[in-house]
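Read off the chains here:
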Amino acid sequence: MKQRPPAAAQKLLQRFLRSELAEEVLGDLEEKFYETNKARSVFRARLNYWYQVVNYLRPFAIKKFKTNPPNSADMFQSYLKIGWRNLFRNSTYSIINISGLALGMAVALLIGLWVFDELSFNTSFKNHSRIAAVYHHIEFGEDKLTIGDVSPPMGPELKATIAELDEATITTWPKEHIVDYENAPATITGLFVEPVFAEIFSLEMYAGSATALKEIHSVLLSQSTAEKIIGSDAIGKTFRLNNRDNMLVAGVYKDFPANSEFANVQMLLPMNYYIAIDEGTAQQMTNWEDLNFQCFVLLNETASLASAEAKMKSLLFTMGSNDIKAIKPEGLLLPMSRWHLYNEYKNGVPVETKANLIWMFGMVGVFVLLLACINFMNLSTARSERRAREVGVRKVMGSVRSQLVNQFLSESLLVVVAAFGIALMLAWFSLPWFNTLTAKQITFPWNNLYFIATSILFIAITSLLAGSYPAFYLSGFNPVKVLKGTFKTGEWIKRPRQALVVFQFSVSVILVLCTGVVFQQIQHAKNRPVGFLREGVFFVAIRTHDLSLANYNSLRTDVLATGYIQNMAKSFFPITGSMSADASLTWQGKDPAFRPLIALNSCSHDFPSTNGFEFVAGRDFSRAFSTDSTAVIVNEMAAKLFGDDVIGKKINFASGIEREIVGVIKDQVRWSPFTNQSPHMYFIKYEEYGFLTFRLVEGASVQAALTAVKEILKKYDQAAPFEYKFVDEDYGRLFHNEERIGKLATVFATLAIVISGIGLLGLSAFAASQRTKEIGIRKVLGASVFQVWKLLSQDFLKLILLALLAALPLGYYLADSWLTQYEYRTEISWWLFAVVAIAAVILMMLTVSHQSLKAANTNPVKTLRAE
Amino acid sequence: MIETRLGEFEEVILLLVGILGEGAYAYRIAEEFKGQTGRSVSIGATHSTLDRLQTKGFLKSEMGNATAERGGRRKRIFTITALGKRVLRESRDFKVSLWEQYPAFKVNIV
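Quick mapping for you: the protein sequence lines, in order, are chains L and H.
Under numbering that gives the first Met the number 0, the letters of the first sequence match residues 0 to 866, in that order.
Under numbering that gives the first Met the number 0, the letters of the second sequence match residues 0 to 109, in that order.
Quick caveat, the hints were computed from the structure, so don't treat them as lab data.
It is possible that part of the hints are untrue.
Computed Cβ-Cβ distance ranges for the label pairs, DEER-style [stated by the list, open to error]:
hint, chain 1, residue 1, chain 2, residue 2, range
1, H, Gly22, L, Pro58, 20 to 30 Å
2, H, Arg88, L, Glu19, 24 to 34 Å
3, L, Leu46, H, Arg88, 36 to 46 Å
4, L, Val395, H, Met62, 42 to 52 Å
5, H, Ala65, L, Phe59, 54 to 64 Å
6, H, Ala65, L, Leu11, 15 to 25 Å
7, L, Leu46, H, Arg85, 34 to 44 Å
Backbone N, C-alpha and C fix where the C-beta goes; we use that ideal spot for every residue, glycine too.
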């Protein structure tokens with residue numbers, strides 16, 4: 000059998016060997032192979048063949064791989080140059096194109112940053128995935144409330160009994176304290192915490208140590224607060240807290256990030272100090288009934304939240320007395336990821352109002368951006384017909400289709416990058432304004448990788464979308480047809496363009512409609528009768544020891560003596576503040592199973608008159624009746640609970656005191672003006688701490704009155720800072736959220752309208768310019784300006800009407816579903832829709848007419864002469 | 000620029016081409032080199048040198064006839080050009096002149 004050279008080696012050789020050498024070399028090697036085979040062995044022959052092949056790996060013998068370098072870099076440069084020139088040649092279109100796109104992008108950027116900020120809330124804590132807060136569902140008659148308030152023994156009990164938890168700690172709720180350092184009192188929000196708090200929430204110390212929380216008279220200040228009230232070297236300094244005790248600054252921690260739960264906590268105080276304040280606070284620590292604290296737990300790394308939750312579910316019910324058992328507390332652990340957006344419950348079911356708002360604005364951002372992209376696409380497709388000739392010439396000159404695609408895509412990339420640059424600047428400049436509007440402290444994440452990646456992806460997608468039509472459609476033209484002039488883009492290509500215009504316009508109208516409804520709702524709530532006086536009334540919190548001990552009557556006499564103040568009262572909660580609530584009240588004829596929750600506020604005799612309560616039955620508190628020291632005034636809702644003819648009815652408080660109803664007042668707005676109100680009552684009790692309410696003499700100088708009151712309060716307590724709030728301003732705070740939504744919606748709706756307007760302007764200008772000749776001929780043949788205007792405008796009018804047809808019902812539906820979250824809500828009025836529809840038509844027709852009339856008024860000689 | 004100086008290996012290969020005459024193709028030359036010097040050399044290396052010598056203009060080549068042991072493939076036959084011959088001669092003369100200038104060998108050379 001004849002031996003053959005190794006095929007693999009041969010193949011390899013042919014792979015790299017220059018083809019013109021193949022014959023001789025293969026021949027030589029084969030000759031050598033047979034020679035060796037004959038003289039020695041087939042193995043040696045094969046080995047040698049390989050050796051010879053490898054030895055042909057020499058520059059002279061190796062194929063020159065064709066690297067005929069394509070000049071793509073040069074071509075790209077040329078595309079950019081042509082694109083750049085095109086931008087300037089059609090400067091109007093370019094400005095419309097780029098500015099519209101930039102606006103949309105800027106809006107999307109800002110909204111994106113906002114959404115990101117909201118979603119990343121609380122993620123700065125190292126243990127954020129393991130932290131949870133203790134909540135309870137509790138029942139009051141028909142209502143099921145969900146509260147984050149727990150009693151102090153909850154913390155130690157949870158830690159001791161539930162293996163899934165690494166830590167459990169209680170804290171108070173954030174409260175304002177008076178910090179007096181070198182006679183400069185300031186109001187600082189503080190939180191009483193246990194030492195383990197620093198560990199759970201990964202407290203970062205700037206100076207000093209967090210172990211100070213184990214002491215009694217030591218505090219930790221946030222860096223910015225320490226800087227503000229003491230200076231750069233705060234450690235070791237002492238200040239007077241609430242004009243009561245001297246506290247040592249033992250540590251300074253880095254401020255909690257603005258988008259975190261404790262952002263407003265400026266000072267951490269040891270729980271040991273809280274316990275040491277007085278006997279009452281010491282007793283609280285073992286009292287299961289005292290639901291006045293928060294409780295946080297740190298889950299074991301491997302444990303599941305659900306199993307820990309199952310174990311603590313009935314803890315409060317088991318430990319509590321009958322009063323606690325009566326409200327049927329059912330514990331739950333709210334993981335940190337849900338604290339910010341998902342912490343509200345209604346009847347035991349989570350309500351996602353806040354999260355929905357975020358998604359709602361997120362969608363608005365996406366839509367505004369989409370509108371801008373649509374503009375961009377529409378304008379580039381409209382203009383692309385003009386470039387058909389350019390494509391024809393390029394093809395004749397030998398351009399390959401892929402080159403044309405590249406050309407159009409790179410042009411679109413150029414525009415998108417320019418627009419993105421402008422958008423970045425716009426967003427950056429408007430960020431401070433946006434932060435005020437949203438009450439956020441968002442900074443530009445220049446060096447955030449996600450941000451950069453998203454931006455690049457975004458640029459790529461937009462330019463691909465906008466450039467795809469000319470790139471793939473135009474590049475497919477037959478150059479002969481295009482250059483002969485018989486080419487005409489089909490009717491079918493107009494359809495998507497019109498559909499996009501309709502879509503764009505619908506979105507804008509819907510946004511405007513919804514904005515209108517938001518404002519209607521705010522106005523509706525503002526017009527709600529509040530049942531107390533808002534003008535000319537202000538209140539001052541009593542936070543310092545000496546002021547709390549001041550004699551009420553002599554203080555009141557002094558204040559009234561100034562002549563600026565018509566009346567003064569003291570109460571535990573201010574008229575615009577929260578109230579305590581009690582379900583343990585009883586009265587004659589009450590069904591024991593019926594335990595309605597009644598809101599309570601204790602006050603001095605003068606509180607109703609100072610705040611201008613409106614009585615529907617009975618009378619105000621009066622010092623003339625000595626029995627009034629146990630009197631109560633109830634609102635209409637409460638009166639309904641107690642039965643008919645409530646005046647004179649006795650109400651028994653859990654403390655054993657029996658109180659008599661002396662008056663019924665109109666229902667007041669004491670919670671959010673957007674919700675149903677609840678039964679509540681005012682009873683006489685002179686507490687030490689609380690609020691002083693002052694009502695100005697009509698026509699008195701506000702400034703003079705404030706100074707006078709300040710002087711008098713100084714007389715009673717040197718250390719008390721004079722911080723007052725006017726009732727109307729404080730009440731206005733309740734509208735902040737909705738007003739913020741309203742403002743944001745206005746901005747976005749306006750921008751949406753502007754962007755669609757820009758788009759329409761561009762399209763109408765294009766439509767007019769395309770028909771220049773036609774218009775010229777029509778005019779020569781006697782068409783009037785009106786006829787030409789009609790000719791050009793009616794197409795757009797049809798589109799606008801179509802858009803309205805889609806937008807009005809959809810807008811109604813969306814606005815209506817937004818309103819359902821409010822218990823006190825307005826009816827959506829038809830006139831709002833009519834106004835928006837008419838305004839939209841007028842606005843858009845003005846935009847279109849601007850171009851139509853310009854075309855209609857052009858001298859036909861000019862348009863027809865030019866070729 | 001074409002290099003015109005001749006290396007030692009190149010010179011030997013050039014001479015072998017001259018010796019082999021009609022049978023001067025890469026494989027044969029490589030075999031002859033081994034036969035004459037006792038040193039083995041790969042066909043590739045030889046071919047590479049032949050190619051270089053051709054580029055320098057000392058050799059020319061054309062395809063010869065095919066034989067069965069080569070699988071019916073033709074061989075490339077190299078022949079020395081006039082320039083090649085002159086360069087060989089010059090190289091020899093140069094060395095001889097050097098030998099003559101070396102006193103220790105002067106006597107023996109005659």
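Hints, one by one, checked against the model:
{"no.": "1", "hint": "Gly22(H) / Pro58(L): 20 to 30 Å", "result": "holds (27 Å)"}
{"no.": "2", "hint": "Arg88(H) / Glu19(L): 24 to 34 Å", "result": "holds (32 Å)"}
{"no.": "3", "hint": "Leu46(L) / Arg88(H): 36 to 46 Å", "result": "holds (41 Å)"}
{"no.": "4", "hint": "Val395(L) / Met62(H): 42 to 52 Å", "result": "holds (46 Å)"}
{"no.": "5", "hint": "Ala65(H) / Phe59(L): 54 to 64 Å", "result": "violated (23 Å)"}
{"no.": "6", "hint": "Ala65(H) / Leu11(L): 15 to 25 Å", "result": "holds (24 Å)"}
{"no.": "7", "hint": "Leu46(L) / Arg85(H): 34 to 44 Å", "result": "holds (41 Å)"}
Violated hint for the displayed structure: number 5, the only one.
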